[in-house]
Amino acid sequence: MRKVRRKTASSVAERRAHRQVATRQKILDAAAQVIGRHGYAGCSVARITSKARMAHGTFYLYFKSQQQLFDTILPTLGDDMLRSIAEAIGDESDPIEVERLGFTANIAYTAAHPYMNRVLYEAQLFAPKSYSLWLEGITDSYVRSFKRTLTSGAFADASDEELHMVARMLVNARTALLFRVNRKTAADQDFIARTIATYVKFASNGLGI
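Quick note on numbering: full-length UniProt numbering labels position 26 of the sequence shown as 26, and the sequence is numbered without any gaps.
Hints are computed from structural coordinates only; laboratory data are not their basis.
Treat each hint with caution, since some may be false.
[Stated by the list, open to error] Just the calculated beta-carbon pair ranges, DEER-fashion:
1) R19 <-> P75: 16 to 24 Å
2) Y121 <-> S93: 28 to 36 Å
3) H56 <-> D157: 54 to 62 Å
4) R194 <-> D79: 26 to 34 Å
5) A86 <-> N172: 19 to 27 Å
[To be verified] Derived DSSO-like pairs (lysine-lysine); straight-line CA-CA distance at most 27 Å:
6) K184 <-> K51
7) K129 <-> K64
8) K51 <-> K64
9) K184 <-> K201
10) K26 <-> K51
11) K64 <-> K147
12) K129 <-> K26
13) K64 <-> K26
Beta carbons are placed, not taken as given, at the ideal position from N, Cα and C, and that holds for glycine.
Throw the hints in and build the complete structure from the sequences for me.
Spelled out as structure tokens, the structure:
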């Protein structure tokens, strides 16, 4: 009897934990959509909870303040985007193919989450610490990839400092091109193909491969 009760209590606790995770993610998703339309400045708790279709007070069960949400949203969405890119790259070892696969996945994620560009761009002003940490994280990830794939070319024997600078330049190049991706352009396959080809050409020449 006690075992049954323990199992029941454990099952209830697990369901509660799953609901809490789902509700927190629902708030983050709603906030991202609000930011996409109104910007961080217009991302009020009232708009978020209205979009998420939940009580105003529910927000504060998961976030102490609007700023805590702002500091959380980019790392959460950014990590999700990086996972999709990593999955697309897989075990590919050719550096130019890595760039092609990664940027293609980057575009696909941005097209599927059109609010991402504004979440990223405005985070520099509204969540600067999170933005800096996210930028360092994605740059470090790039450097690790370089160390694995750059076995030839101009930067095959580059120092960590050089690789860090090259990574930052490629991140900025990607970001600039991603700002051109919206609902209209994402549907234009020729435009997407040209964008990817131009970026890959830029990356190849820049890496000296």
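For each hint, the structure was consulted:
1. Checking the proposed 16 to 24 Å range against R19 and P75 shows it holds: the Cβ atoms sit about 22 Å from each other.
2. Checking the proposed 28 to 36 Å range against Y121 and S93 shows it holds: the Cβ atoms sit about 32 Å from each other.
3. The hinted window of 54 to 62 Å between H56 and D157 holds, with their beta carbons roughly 58 Å apart.
4. Evaluation of the 26 to 34 Å hint for R194 and D79 yields a pass: the beta carbon distance comes to about 29 Å.
5. At about 20 Å, the beta-carbon gap between A86 and N172 stays in the expected band of 19 to 27 Å.
6. Distance check on the hinted pair: K184 and K51 sit about 24 Å apart at the alpha-carbon level, within 27 Å; holds.
7. Proximity of K129 to K64 is assessed by CA-CA distance (about 17 Å); at most 27 Å being required, the pair is judged to hold.
8. With a CA separation close to 19 Å, the supplied pair K51 and K64 stays within the 27 Å bound.
9. For the suggested pair K184 and K201, the alpha carbons sit about 24 Å apart, so the restraint of at most 27 Å is met.
10. Simply put, K26 and K51 have alpha-carbon atoms about 9 Å apart, close enough for the 27 Å limit, and the pair holds.
11. For the given pair, K64 sits about 40 Å from K147 by alpha-carbon distance, which is inconsistent with the 27 Å threshold.
12. A C-alpha spacing of about 23 Å is found between K129 and K26, which places the hinted pair at or below 27 Å, so the restraint holds.
13. For the proposed pair K64 and K26, the alpha carbon gap of about 16 Å is at most 27 Å, so the pair holds.
When the structure is compared with the earlier hints, a violation turns up for hint 11 alone.
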